[in-house]
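Chemist: Next come the chains, spelled out residue by residue.
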Amino acid sequence: MRFLLKRLTQLSSVLLVMSLVVFSLTLLLPGDVTVTILGETASEAERAALREELGLNRPVIVQYVVWLGDVLRGDLGTSLKTGEPIADMLAARLPATVELTLLAVLVSLIVGVPLGVVAALNRNSWIDSAISALAMSSVAIPYFLFGILLIMLFSVTLRWLPPSGYVPFWVDPVGNLQTMIMPTLTLGLAQAALVTRQTRAALIGVMSQDFIRTARAKGASEGRVVALHALRHTMIAVLTVVSLQMGALIGGAVVTETIFSLPGLGRMVVDGTFERDFPVVQGAVLMVVVGVVSVNLLTDIGYLLLDRRIKS
Amino acid sequence: MTDTAIISRDKTRRTAPTVLRKVWNHRLGRFGVTVLAIVILCAALADVISPYDPIAVDYEALLAPPSSAHWLGTDELGRDILSRILHGARVSVMIMTLAIGLAFVIGIPIGLASGYCGGWTDEIVMRIVDGLLAFPMMILALAIVAILGPSLANAILAIALVNMPGFARLARGQTLAVREADFILAARSSGLRQGRIVARHVWPAIRGNSIVYGSLKCSAALITESALSFLGLGAQPPTPTWGGMLSGAMQYWDAWWMSLGPGMAIFLTVLALNFLGDALRDALDARISH
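Taken in order, these protein sequences are the chains called A and B.
Residue numbers are given in the working numbering: position 54 of the first sequence equals residue 54, and the series is strictly consecutive.
Residue numbers are given in the working numbering: position 3 of the second sequence equals residue 3, and the series is strictly consecutive.
Here chain B stands alone, though its shape is the one from the complex (with noise of 0.2 Å):
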């Protein structure tokens, strides 16, 4: 990575109108937005716009295909599936924005912090960071929630833990290459201080990197949240998840309408969250990785 690419400041380029206007002339980027824009306008409107009660039972209409009534069919209670998913797109939306920030508000600042002060504290704080990642992510997720008991709470907190490190991982390298450049040295010999160099000049150069960088967490952050749904260790029953529902599904193999919309939700969802963390990552000249 070229230092003069993350800490060359071109304001006129990355106003937020300009960034979002790039993605969205990104060939996949206006896919994931306009998915994405749907995912949340149902979260949204999940009570207005629902057939159904997500959780009302109809002993009428136990396990019905897709008809004119259940567009998306029933499950084996007889709720309506296309509510259920409208309503677990909440789920989904609450896992990306709160983890997700929850991970960043935390991870970001130490990762400033580390990178900044340097010396002990950097090695410090970089060797429990280290320790931390060599955990598999669904592993020590489950551990968290195994600890803490099942809830979509805890399934928050143990996913934004989890990403944590990642985050202040990523802060700290770039505030490294940021830390010797001649606009924070002229800052410094200015006598501003410290905090405020940090705040106001190291923090912008780093932004556009780690606001990519949350982008691409947010899918893996929801394949984790349905993960654990899956496993019933997410959100309780009977609030509704596209997680849950696919693992309820498996007890019905041949009521294959019960796995197929919540499998087509979380799978047009997490390619949308990859695609615009990819339009994002060109829209910012960033050099991020998966």
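The shape of chain A in the complex, shown without the other chains (with noise of 0.2 Å):
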């Protein structure tokens, strides 16, 4: 229970800094805001009223309070350049954000897991080698360089997938999996590199410890040892690396959601950012940082179940 207040206050003051944070990216723009709003050829007039609208004449610290109040009433503005309402446009973009990140996760473990396993059992052989050094030159391929490779071998050469496109899932199930292949592959490729690093030091660590060697004096088969007594222990390290890299990941989803035009938070700060749409920006990114957040948050909460150790 301390663990879990300890962690809450620290909660509260990191997601302190990161309001105020988004709160100030706006009072980086450069030059005068209504400008940017209005245009070079708007009237003074009309800029002082949209200053006032805007409640830009109060003092920082009051302009900061307010907005504040307004984020947590979910009220985050209107876009300004179609004037929609931005709490609309992040529901309408959560759902396939949210579906690329988890089938990403699920690709990471799928095939991370069974390769840092298969590299632990066989330690220091050419098999370890060989899946080290694909780890390590996946690692290297930046996300939109493997997307971009995908594409050519997928679309363009075999022609089995369209190289872009989305559909909901809940409107054309086997069509919205088709479309999600590749950003899937290009994300969670990359992260099962992480994860097979973290699972074969991870089960090398516990494959050296006092339990499994009772195990195996109890008379365990060596399949059965890794499988039903390591893996549960080395399983606790690859999550932990799964949700670190949360913020990782969806860093790369706003790349992958371009190169695949998916209609997600990614697509929509880039698109934010080129029309210089900046509550747009911020809304945006508010909605990530807070959901990798929650994941963390998640995480820890998850420890405190699965491990009692962990409580001071």
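Take these hints with a grain of salt, some might be off.
[Stated by the list, open to error] Beta-carbon label-pair distances, calculated as ranges:
no.: 1; chain 1: B; residue 1: L77; chain 2: A; residue 2: S294; range: 44 to 50 Å
no.: 2; chain 1: A; residue 1: L38; chain 2: B; residue 2: I55; range: 34 to 40 Å
no.: 3; chain 1: A; residue 1: I127; chain 2: B; residue 2: P237; range: 45 to 51 Å
no.: 4; chain 1: B; residue 1: G173; chain 2: A; residue 2: E44; range: 49 to 55 Å
no.: 5; chain 1: B; residue 1: G173; chain 2: A; residue 2: S294; range: 47 to 53 Å
no.: 6; chain 1: B; residue 1: R196; chain 2: A; residue 2: S12; range: 35 to 41 Å
no.: 7; chain 1: A; residue 1: I236; chain 2: B; residue 2: I38; range: 48 to 54 Å
no.: 8; chain 1: B; residue 1: R127; chain 2: A; residue 2: A227; range: 40 to 46 Å
no.: 9; chain 1: A; residue 1: R123; chain 2: B; residue 2: G173; range: 26 to 32 Å
[To be verified] Interface residues of chain A toward chain B, partial, derived using beta-carbon atoms under 10 Å:
no.: 10; residue: Q10
no.: 11; residue: L15
no.: 12; residue: V21
no.: 13; residue: L28
no.: 14; residue: T34
no.: 15; residue: I151
no.: 16; residue: I212
no.: 17; residue: A215
no.: 18; residue: V254
no.: 19; residue: V255
no.: 20; residue: T258
no.: 21; residue: V289
no.: 22; residue: I301
no.: 23; residue: L304
no.: 24; residue: L305
[Stated by the list, open to error] To spell it out: a stretch of chain A is covered by chain B in this simulated footprint if at least three of its residues, at any positions, have a beta carbon under 8 Å from a beta carbon of chain B; those stretches are:
no.: 25; segment: 76–88
no.: 26; segment: 269–282
Everything labelled a hint here was simulated from the structure, so no lab data went into it.
Cβ coordinates follow ideal geometry from the N, Cα and C atoms, glycine included.
Both chains are sitting in their own frames, so use the hints and assemble them into the complex.
Modeler: Have a look at this one:
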């Protein structure tokens, strides 16, 4: 309980700093904000009216408190370009990003854990070296490069999959999964390399522990020792890495969504950036960060349930 | 991490030539040093060794496949891809030196001061650092570029800003471990001023790990920059960048050579940076993970 309490106080300070950063992004806008919104041609009277409307005449601290209050009530403002409420835009964009991220985590575990186990059990053999070399090189391939390679292979050469396009899962499940295959592989396989390395290192550590020797002494087969005893402990370390990588994964989702034209949060940030629609960028960034922090918190709570040793 | 490992400073072991020799003798370090040296040479000599002007349009040779005239082919405007890769190396080298350099010279002193002073200063600085570290690097960099406008200078600034908290966090942690060491106590009791203790005694003790961390961060910076350029938010056309060339290649799928060159350039440089980081870590006996 004390661990959770400490974690929550820490979380609130992190959230406070984050909200300050996201809020102050607009303060960094070079030049007059009203010029950015209304353009060069607007009259001084129009600008003054807009300043009044946006509350820009008030002290910065008041602006922050008002903004924070709005955000907490779910009011993230409206897009400068379309006038659409940003909360609605986020709701429309969230499913694609959540689906992409979850599928990518799934792929990284399905590919990474077995490879890591094989490497650890054949430690210092050629199999281990080959898997390590593969993992090292795939870490060095940026997401967008890998995405391009996949499109070249599956869309241009083999013509198996469409290079872009998106249908929501509840409209056409098969079509949805078809369009998600390449984005998921792009994002998931790069993560798989990290999962492989982590699984290998953790399993090697676990296999040298006393309870493994005990299990062996009791006559359990090697397969049983690994599958029933060692793997459970290894997975805790692996899940930590997955959770800590959540931020990088969502950063990668931005690029991946752009390559494959998926209507997700990442695309929203990029489009907002191009159109200099900063409330949109602000809202999407806030959503992403709150998501990342929540995943990390859930992981911590998960530990608490899994491993009762973490109390202090 | 054992404190003695970072605190014991054996001067004969850590001079620059010995470290370089160790890196060179490292299995993967030699590859890293060689590739990086080539990249830096290409950046420095791009004007001299490029066969063509990287932004010169040639309507006679649009989308030409690799040939003896254009070794790596040409793009949709007939520009020579090899020349563009050589010039693109400049942006990459600038990101590695300027962005990470900036993050280093701002982040490390903050961490040193925070760790050495302790108390409320440390508490507040570290809360801010934690908050900044909670942002996905790519998202925060995008947001900064969104606000400041896309350009190479802003991309460098954004990448420096998102990397800075990591350096502060590292320096602070190392400083905490060093602060209580005997040689610091000795320096304090001999009446040295605080600033001098930090500069002359604490900093040298944490220097090795900071450099290793910096070298590991270079590859992340390069990937972030090429991603920004790929999205069209880094250095603006016609300046050639590896990431920008790749995004151009996405319009012309049949011209596979358009993505081959820049793709290999990014891949090999990132790989070389990772290898160099690992080699430096082993040479300096640092315990830092990616």
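Chemist: Each of the hints needs a verdict: does it hold here or not?
Modeler: Structure-based check of each hint:
One distance hint, 44 to 50 Å for the beta-carbon pair B/L77 and A/S294, holds here, with the actual separation near 46 Å. Between A/L38 and B/I55 the beta carbons are some 35 Å apart, a value that agrees with the proposed interval 34 to 40 Å. For the pair A/I127 and B/P237, the beta carbons lie near 46 Å from each other, so the given range of 45 to 51 Å is met. For the hinted restraint 49 to 55 Å between B/G173 and A/E44, the CB-CB distance of approximately 53 Å keeps it satisfied.
The given range of 47 to 53 Å is broken by B/G173 and A/S294, whose C-beta atoms sit roughly 26 Å from each other. The given range of 35 to 41 Å is respected by B/R196 and A/S12, whose C-beta atoms sit roughly 38 Å from each other. The hinted range of 48 to 54 Å is not satisfied by A/I236 and B/I38, whose Cβ atoms lie roughly 42 Å apart. The supplied range of 40 to 46 Å is met by B/R127 and A/A227, whose beta-carbon atoms lie about 43 Å from each other.
A hinted range of 26 to 32 Å for the beta carbons of A/R123 and B/G173 is consistent with their spacing of about 31 Å. The interface hint given for A/Q10 is met, as the beta carbon of that residue sits about 7 Å from the closest beta carbon of chain B, less than 10 Å. Taking 10 Å as the C-beta cut-off, the interface hint given for A/L15 holds, the closest approach to chain B being about 8 Å. The closest approach between the C-beta of A/V21 and any C-beta of chain B is roughly 7 Å, which is under the 10 Å cut-off, so the hint is satisfied.
Because the closest C-beta pair between A/L28 and chain B is about 5 Å apart, less than 10 Å, the hint holds. The interface hint given for A/T34 is broken, as the beta carbon of that residue sits about 15 Å from the closest beta carbon of chain B, more than 10 Å. For A/I151, the shortest C-beta to C-beta distance to chain B is roughly 7 Å, which falls under 10 Å, so the interface hint holds. The criterion of a C-beta within 10 Å of any C-beta in chain B is not met by A/I212, whose closest approach is roughly 25 Å, and the hint is violated.
Taking 10 Å as the C-beta contact cut-off toward chain B, the hint placing A/A215 at the interface is violated, the least distance being around 30 Å. At its closest, the beta carbon of A/V254 sits 6 Å from a beta carbon of chain B; the interface hint therefore holds under the 10 Å criterion. A distance limit of 10 Å between C-beta atoms decides the matter here; for A/V255 the minimum to chain B is near 5 Å, and the interface restraint holds. The interface hint given for A/T258 holds, since its Cβ lies 6 Å from the closest Cβ of chain B, which is under the 10 Å cut-off.
Given the 10 Å rule on beta carbons, the hint for A/V289 holds: about 6 Å separates it from the nearest Cβ of chain B. Taken as an interface hint, A/I301 does not check out: its beta carbon lies about 17 Å from the nearest beta carbon of chain B, beyond 10 Å. Because the closest C-beta pair between A/L304 and chain B is about 20 Å apart, greater than 10 Å, the hint is violated. The beta carbon of A/L305 comes no nearer than 23 Å to any beta carbon in chain B, farther than 10 Å, and the hint placing it at the interface is violated.
Coverage of the segment 76–88 of chain A by chain B is violated. Counting CB-CB distances below 8 Å, 0 residues qualify, and the rule asks for three or more. A stretch counts as covered by a chain when three or more of its residues have a beta carbon under 8 Å from one of that chain; for the segment 269–282 of chain A and chain B the count is 9, and the coverage holds.
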